[in-house]
Amino acid sequence: MAEKIINLKNEAIGNILEAKDEKELERLKILYLGRSGKINQLTKEFPHFSPEEKIKAGRQLNETKKAIEEALENQLSAVSNQLSAKEEWFDVTEPSIKPKIGHLHLLTEAIREISSVFEKIGFVRVRYPEVEWDWYAFEGLNMPSTHPARDDFESFFVDTPAHPKLGRMTLTPHTSNGQLREMERIKPPIRMINIARCHRPNWDITHTPTFHQFEGLVIDKGINISHLKGIFDYFAVNFFGKDRRTRLRPFHFQFTEPSFEVDINCPLCLGKGCRTCKSGWMELGGSGMVHPRVLENGGLDPNIYSGFAFGWGVERTYIMRSGLKLGDIRPLYESDLRFINQF
Amino acid sequence: MNILVPISWLKDFLKTEASAEKIAETLSLCSQSVERIHKVGKEEVLDIEITVNRYDCLSVIGLAREAAAILPQFGIKANFLPPKIPLFPESSGAKNFLDVKITDPSICPRFTAVLLDEVKVGPSPKWLRERLNLVNIRSLNNVVDISNYLMMETGQPIHTFDFDKIKKQKMVMRLSKKGEKVVTLDTAERIFSGGDIVIEDGEGRLIDLCGIMGGKNSEIDEGTKRVLFFVQAYDPVRIRKTSMSLGLRTEAAMRFERGIDLEGIIPVINRGVSLMSQLAGGKVTGKMIDIYPQKQVTEKISLDFDFVGERLGVNLPAKEILKILKDLGFSVIKENAKGAVLNVPSWRAKDIKIKEDVLEEVARIYGYFRLPSLLPPLTTEFVLSPQPAPKKGTINPSFKWEERIKDLLKAFSFSETYNFSFVSEKDLERCLLKKEDHLKLANPLTSDLEYLRLSLFPSLLQAWLKNQANFSQIKIFEMANCYWPKKNDLPEEKMKAALLTNEENFRLLKGLLEEILIELGISGLTFSLLDESQNDETNIFWQKNKSATVKKGGQLLATMGEINKKILNNYQIKTPVFGLELEMAAISSLANNDKTFNPIPEFPPIIEDLSFVFPEKTAIGEVISLIKNINPLVGKIELIDSFKETKTFRLIYQDLKGNLTDKEIKPVREKIIESLEKKGIKLKNK
Chain A
1 MAEKIINLKN
11 EAIGNILEAK
21 DEKELERLKI
31 LYLGRSGKIN
41 QLTKEFPHFS
51 PEEKIKAGRQ
61 LNETKKAIEE
71 ALENQLSAVS
81 NQLSAKEEWF
91 DVTEPSIKPK
101 IGHLHLLTEA
111 IREISSVFEK
121 IGFVRVRYPE
131 VEWDWYAFEG
141 LNMPSTHPAR
151 DDFESFFVDT
161 PAHPKLGRMT
171 LTPHTSNGQL
181 REMERIKPPI
191 RMINIARCHR
201 PNWDITHTPT
211 FHQFEGLVID
221 KGINISHLKG
231 IFDYFAVNFF
241 GKDRRTRLRP
251 FHFQFTEPSF
261 EVDINCPLCL
271 GKGCRTCKSG
281 WMELGGSGMV
291 HPRVLENGGL
301 DPNIYSGFAF
311 GWGVERTYIM
321 RSGLKLGDIR
331 PLYESDLRFI
341 NQF
Chain B
344 MNILVPISWL
354 KDFLKTEASA
364 EKIAETLSLC
374 SQSVERIHKV
384 GKEEVLDIEI
394 TVNRYDCLSV
404 IGLAREAAAI
414 LPQFGIKANF
424 LPPKIPLFPE
434 SSGAKNFLDV
444 KITDPSICPR
454 FTAVLLDEVK
464 VGPSPKWLRE
474 RLNLVNIRSL
484 NNVVDISNYL
494 MMETGQPIHT
504 FDFDKIKKQK
514 MVMRLSKKGE
524 KVVTLDTAER
534 IFSGGDIVIE
544 DGEGRLIDLC
554 GIMGGKNSEI
564 DEGTKRVLFF
574 VQAYDPVRIR
584 KTSMSLGLRT
594 EAAMRFERGI
604 DLEGIIPVIN
614 RGVSLMSQLA
624 GGKVTGKMID
634 IYPQKQVTEK
644 ISLDFDFVGE
654 RLGVNLPAKE
664 ILKILKDLGF
674 SVIKENAKGA
684 VLNVPSWRAK
694 DIKIKEDVLE
704 EVARIYGYFR
714 LPSLLPPLTT
724 EFVLSPQPAP
734 KKGTINPSFK
744 WEERIKDLLK
754 AFSFSETYNF
764 SFVSEKDLER
774 CLLKKEDHLK
784 LANPLTSDLE
794 YLRLSLFPSL
804 LQAWLKNQAN
814 FSQIKIFEMA
824 NCYWPKKNDL
834 PEEKMKAALL
844 TNEENFRLLK
854 GLLEEILIEL
864 GISGLTFSLL
874 DESQNDETNI
884 FWQKNKSATV
894 KKGGQLLATM
904 GEINKKILNN
914 YQIKTPVFGL
924 ELEMAAISSL
934 ANNDKTFNPI
944 PEFPPIIEDL
954 SFVFPEKTAI
964 GEVISLIKNI
974 NPLVGKIELI
984 DSFKETKTFR
994 LIYQDLKGNL
1004 TDKEIKPVRE
1014 KIIESLEKKG
1024 IKLKNK
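Chains as they are written, first to last, in this note's numbering: chain A, 1 to 343; chain B, 344 to 1029.
Next comes chain A alone, as it looks inside the complex (with noise of 0.2 Å):
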């Protein structure tokens, strides 16, 4: 009997091994294991056996049987991954099915990445008026009545009575009115990013009459021309990358003085001076110690404060970092979906 056992565990493991498909395994499982297959024919000659051999062959049976499923298994698994390796061939190469996502746009972007620099070296975020009295856009900051930028070619004003002390109504030009307003609010230490809509009456490819500017203002004891290099330099390996520096020339603003131009260096040549940029440098924006006079009318001793402010345009900015390549800043204002859903 145990060589009869023996000899069916090795033919029916030889052949389970042989087996190509899943069929051929399923047939062998009833051969061997069904009803009627050949380990229950087995058990058909049990009656003939002493209770001894009956043990005996009933655990040689059992420890067959388990044997021959576990083959069955193994090759079963075998089996079937070769069949999905040739059958279900699998192409991650076919083009994706995207979840539906919006867009926003490249100023909130800006606008976020922005602040979020200034903010993290202790400025607070404020947005002061968008139409405002002269006061708080010219005569305020030091610019008198007869300064180019309070033309009419130069400023948008509104068509309304103006105010008895604080002059007509104007739509900002930029966001320098945000400085009174924050001397007004607090009193030093200042440090204040105001980012708000501007408005000037020019169209081109470099101007759209609505624009954003960001304000920046440190005011506090002791503040000198050294700190606001050092922001912006901060600014400029922040913003624009590693390897960005700024520098200073001088220039001639109302509300500051001394007042600068502010450089930054080529992305290309880092200064050097390319075919791209000629001089090794581009604008980045305007800036300047705060004029005495402008702390005076915001109420501040300028015997005992200093600072320095800058407005610099959102989307000047923005579009100088590299691999943008967008040359014209008209298409920020003109709602084209095919743009917008490019960002």
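One or more of the hints may lead you astray.
[What the hints assert, rightly or not] Which bits of chain A does chain B cover? Going by a derived footprint, with three or more residues having C-beta under 8 Å, they are: (1) 46-53; (2) 107-117; (3) 222-231.
By construction, these hints were calculated from the structure, which means they are not laboratory data.
Quick caveat: nothing in here was measured; it's all calculated off a predicted structure.
Note that CB positions come from ideal geometry on N, CA and C, so glycine has one too.
With chain A held as given, fit chain B onto it using these hints.
Only chain B this time, still in chain A's reference frame:
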């Protein structure tokens, strides 16, 4: 304004070995920005942008002085060579050759004129023509060329009259009257709007548009014998106004409007007379006319040496500070260890008034690039109280909620637009808005950009039109201030977000709004139908009976629904469009990040679906809250199906304390059915 300066001309007044490139680089860093170097034959010409305050730099001499002060800071030898000023020649002849009257002394702070006889008008010598050519000025004749040459060299514009064309040898300098006319040298007829500085001769003819361009009727021609050499300073504000309103931006006008060194006029006259005699044979007759009622004042400024260090972030020795200032023409009146009192040079009289102005001179010549780059220290005082809000304007954390809403709208597949703050009269008409309700610009750029918008919808509808041809499904939004006029005050700047979509209907949009507000910690909204009774301006965008206002505690948070079909019709939009407008101030005031944990039920709920037949015009929202309030065991109720009057609810009964049995649910169910029956709502037989 930009000027051209040939290096060879600059070197008449600047002794240095420095190359054009070096001069350009150092001037840009410490003075005026050189935009490029033009090569003209062997010559190098600097193209320099001059800032409005530096009228002294609109000249070869002024820039030579700057370069001489700057180059040594870079270790390059340089000296300023001041121009040699010839003496005014003795002369005989008529003393009062011209009768001058100036109606208002403020329009002409200094009036000078010299009469030159025996002038021979002809071509200029080659060197003069070549220099003018380098600075893009066309050579006309020796007389005109001399005046242009001196303007480029000294910055002082000069006019020359044919003296014999000034009738009765009389001049009245006055302000123009509206409608008066003059034909200028370019043969164009100029019509005045009034208030322009002009000169009238003895026969009442206008012969000069002062400071901008001469009159045709008094110009120098080949036959001119007697020349009036005319050097003035004018009221800069009037010159700018006239020049801008006539669109006549001449070299002279741009110089006069920036300012003139009143003390520099006589040297220019002397140089001019000398050149006229050399190159045109002119002889001075009579005395120079010089009307100069109020001598130019320059400030005396005391400067603390410590102050310079405090503002630079670097201490400079007193010696170095004073050397820089002396190189720029300042004179030291008094000096001690702590500071000095300085006299401002005459050519900076209008520009330098206070110690900060002097500081700028020291700092820029020393070199901004030599200063360190430091972050300002954070304050050591820590203020515990929250920052006060501004009277007008916005401060964080409002921005946080704005940005979160933008992110959510992006996630709900909306695209963000930015539009101009202006709308046209046509936009207002199409949107059924009244123009009187809007702020109007006094000086719009075009009629398309005339009114400040009250709502974002006119802009969004315009954007819709633009995209209609390219996209069948459109989902757009904008977030921006709208300007709501207030009497005798600045407008209220209402931050709004608005969207348009043809992919959502009312129910989907309502769900979108609820999700946004839940993300911001706001729930418990009241939706009220917008019907004919709410007919004010702000609700004009909405299709009545298809739209709703959304409030919480009486405060308006949003308006939503179908866009008014009349308006869509005006834009020729044929299919329904849905919109949502969010009131950001109200939403920001309620928004919060507060999270509350609700225990997760440990025991299984009992779920059952019940169908009811509703009578017509029964508001389902009220029915749902009625069911919810019947018993605390009603955990959740969902509308899972709706077909005509039949509504199927899924009720989820939940007891947090134990297992539920049908026995406990039965009385609740019966109560629900009974309460609904009272409202005429009947359980549908299964």
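- Query: Within the stretch 222-231 of chain A, is the number of residues with a Cβ closer than 8 Å to a Cβ of chain B three or more?
  - Reply: holds (count 9)
- Examine the stretch 107-117 of chain A: at least three residues should have C-beta closer than 8 Å to a C-beta of chain B. Contact hint for the stretch 107-117 of chain A vs chain B: holds, 4 residues under 8 Å.
- Query: For the stretch 46-53 of chain A, do three or more residues have a beta carbon lying closer than 8 Å to a beta carbon of chain B?
  - Reply: violated (count 0)
Going down the numbered hints, you'll see the structure goes against just number 1.
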